[in-house]
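**Q** Chains as they are written, first to last, in numbering that gives the first Met the number 0: chain A, 0 to 196; chain B, 0 to 196; chain C, 0 to 196; chain D, 0 to 196.
Worth double-checking, as some hints may not be accurate.
Stated by the list, open to error - Keeping only pairs whose Cα atoms sit at most 30 Å apart, straight-line, the calculated DSBU-like set for lysine-lysine is:
no., chain 1, residue 1, chain 2, residue 2
1, A, 34, A, 108
2, A, 108, B, 34
3, D, 34, C, 34
4, D, 34, C, 108
5, C, 34, C, 108
6, B, 34, C, 108
7, B, 108, B, 34
8, B, 34, A, 34
9, A, 34, D, 34
10, D, 34, A, 108
11, B, 108, C, 34
12, D, 108, D, 34
Read the hints as simulated data drawn from the structure, not as lab findings.
Predicted model, so just to flag it, every value in this text is computed and none were measured.
Number of protein chains: 4
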Amino acid sequence: MTEQGTSRMEAFSDGIFAIAATLLVLEFGVSSGHKLDHELLHLWPAYLAYVTSFVTIGIIWMNHHHTVSLIGRVDRTMLFVNNLLLLTVAFLPFPTKLVGDYLRHDGEKAAALAYAATLVIMAVIHQVWWRYASRNRRLIADGVPDSALRAVDRAYAPGVPMYGAVFVLAFFSPLAAVALTFAIAAFYLPSAALFDR
Amino acid sequence: MTEQGTSRMEAFSDGIFAIAATLLVLEFGVSSGHKLDHELLHLWPAYLAYVTSFVTIGIIWMNHHHTVSLIGRVDRTMLFVNNLLLLTVAFLPFPTKLVGDYLRHDGEKAAALAYAATLVIMAVIHQVWWRYASRNRRLIADGVPDSALRAVDRAYAPGVPMYGAVFVLAFFSPLAAVALTFAIAAFYLPSAALFDR
Amino acid sequence: MTEQGTSRMEAFSDGIFAIAATLLVLEFGVSSGHKLDHELLHLWPAYLAYVTSFVTIGIIWMNHHHTVSLIGRVDRTMLFVNNLLLLTVAFLPFPTKLVGDYLRHDGEKAAALAYAATLVIMAVIHQVWWRYASRNRRLIADGVPDSALRAVDRAYAPGVPMYGAVFVLAFFSPLAAVALTFAIAAFYLPSAALFDR
Amino acid sequence: MTEQGTSRMEAFSDGIFAIAATLLVLEFGVSSGHKLDHELLHLWPAYLAYVTSFVTIGIIWMNHHHTVSLIGRVDRTMLFVNNLLLLTVAFLPFPTKLVGDYLRHDGEKAAALAYAATLVIMAVIHQVWWRYASRNRRLIADGVPDSALRAVDRAYAPGVPMYGAVFVLAFFSPLAAVALTFAIAAFYLPSAALFDR
């Protein structure tokens, strides 16, 4: 199996991240029949969902980019797993729209569960992606110190449990689940140990 | 006729592939009037269509990219055929939405046939694209061994018959036709002989 | 006024061209209430409009790219005119959708006129864009022969009259106007003298 | 905290700018029930909003790009603030659609206020973005003269007051507020002192 450099995987991934983030805006819509100022104020769940998903995608992009910089080559399996990761990122505008439309209405639990489930799946695939690349330094570039790999291990480790907690919380309080997702994006992820080595 | 390098064709093609894959998410929609959890479970044809098309586009992008790496220059005819190929890739979100909306409902045969027809046309144009470039090594870079060209020939050869089989199958079972498309994307394409040389 | 290289203008323009072409697919939609196979066959104006606009954008991208390769630097005026050109390219999905929805129905003349008017404005701005760059070799790279500039002059000259003819024809036969636009994209533009120097 | 070069931030930002500008076209829609020629003429608020937002995004992209060229490295805080800036740019298609749909109808004040508020927030974040990077030359590349930084200071300074004036004006005349935004994009921004050093 031939191995290639990472530049093409990066370019394709960058495109998907940027487009998925920008498509989030299409979730917004106002229904006629009400006064517009009233409508715009009552859209706050949509604003919350938009900001949460946009910041989350931005930070996952940052992490993806940082991690790819440690990778020296890709093989076909890596490209395939990367495609699965992008598949979940590109899917995010749909559950984001569900949260924006249904939070504080009938169906909010299903919407928050769909949103959390997407994030859990994304975190799991991101873990698989990283473990495939880093196991026995399979695809790691020469010269990258082990400490840099351990830093990524530590930074990625909380992803699945955290989004799992969001999923569980959604059963009890959909709003709290979305708020926790926002807090993760605003406070945890930017401070993650990823770059601190 | 002036010949050029391939970098611009690659950049434009990469953009179209990434955008088409990301636009697939716009196929999802829920109608009001039902409970959301019920709606989300009954969207499974849309999930199946989304995953199938996303993975298919991802793999065609991988193949396109690999093949372009063998090409040393492009002429105007090649750019034109490449545009036709991109035209079919960029069209894919529409039949994908049809499959997602109509599978297991009235009209599923027409939806599956439209989906399969798009894939057949895409495979035919991809063949023309490759044959134009490789015939007598017209646009092939110097130093590429003939064995690499034969490997692409072998990898591309099953495309039209396979998607032709999907098309025929759609007359009898639209669901089986979509499932076969998924299986091709999940099992055949990743294992194709393309990179094995 | 500081002058810069062309690489950023190219990257931004490439993005707009690729996204505008890919968004064309969003024009497609089927209304419920009819049988899907019947609907898909009666969408032929939408297919015609899609292919025409996609190929047109692809060729304008090719021409833009070729011409930029003759340009050695950009100034703020050039960037501004380039933004106006991109504004019309990015607008094309809307009149394309109008043609797809209205051709052979009430309103087809207005739809075809809107489509033709967009193309006329695009061709006019493309002329201004080129004349600003090439007048007295203002932004032309050193070493580009005058014959290359004359070739672009000749290739761009028929744009405005041709799309002007489409506009006039739309008053008499909207279908013929769209067919002529398709013919220009399929036959004239690819054979334009642009690359033949 | 590790610092990185700016190329990835630029590539991601370029993608968001280009996609947000191109998504603006999705604001256009015609309702059935009226004659199409009548509809298209009465869409002028949508045309005005489209041109205003497209040109505004184009110029912000130019300014962003110019300013990034003065920056030699980014840190995590800078990436985070940049993401917030992109979040507001990517949001612009929504208030643009509101202006297009509501100007000269009930609700026009709310639409114009939403549009102006988005631009004010964008201008504020752009100021924060620049001040974080330039304070004590924190992220400025070596060799950039202070006069270049002062030129950016002067060019960015009027942003918040100008869009603040648009916001205030929207209370009295929504149409005048949109027209002022257009005038800023067409006359002020292109002549800004940014590049004149």
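**Q** Could you run down the list of hints and mark each one as holding or not?
**A** Do the hints match the structure? See the list:
1. A:34 with A:108: Measuring from Cα to Cα gives roughly 28 Å; hence the hint holds.
2. A:108 with B:34: Distance ~11 Å between residue 108 of chain A and residue 34 of chain B Cα, so the pair holds.
3. D:34 with C:34: holds (27 Å)
4. D:34 with C:108: holds (11 Å)
5. C:34 with C:108: holds (28 Å)
6. B:34 with C:108: violated (44 Å)
7. B:108 with B:34: holds (28 Å)
8. B:34 with A:34: Holds: residue 34 of chain B and residue 34 of chain A sit about 27 Å apart, inside 30 Å.
9. A:34 with D:34: This hinted pair holds, its Cα atoms lying about 27 Å apart.
10. D:34 with A:108: Violated, at roughly 44 Å.
11. B:108 with C:34: holds (11 Å)
12. D:108 with D:34: holds (28 Å)
In summary, the numbered hints that this structure violates are 6, 10.
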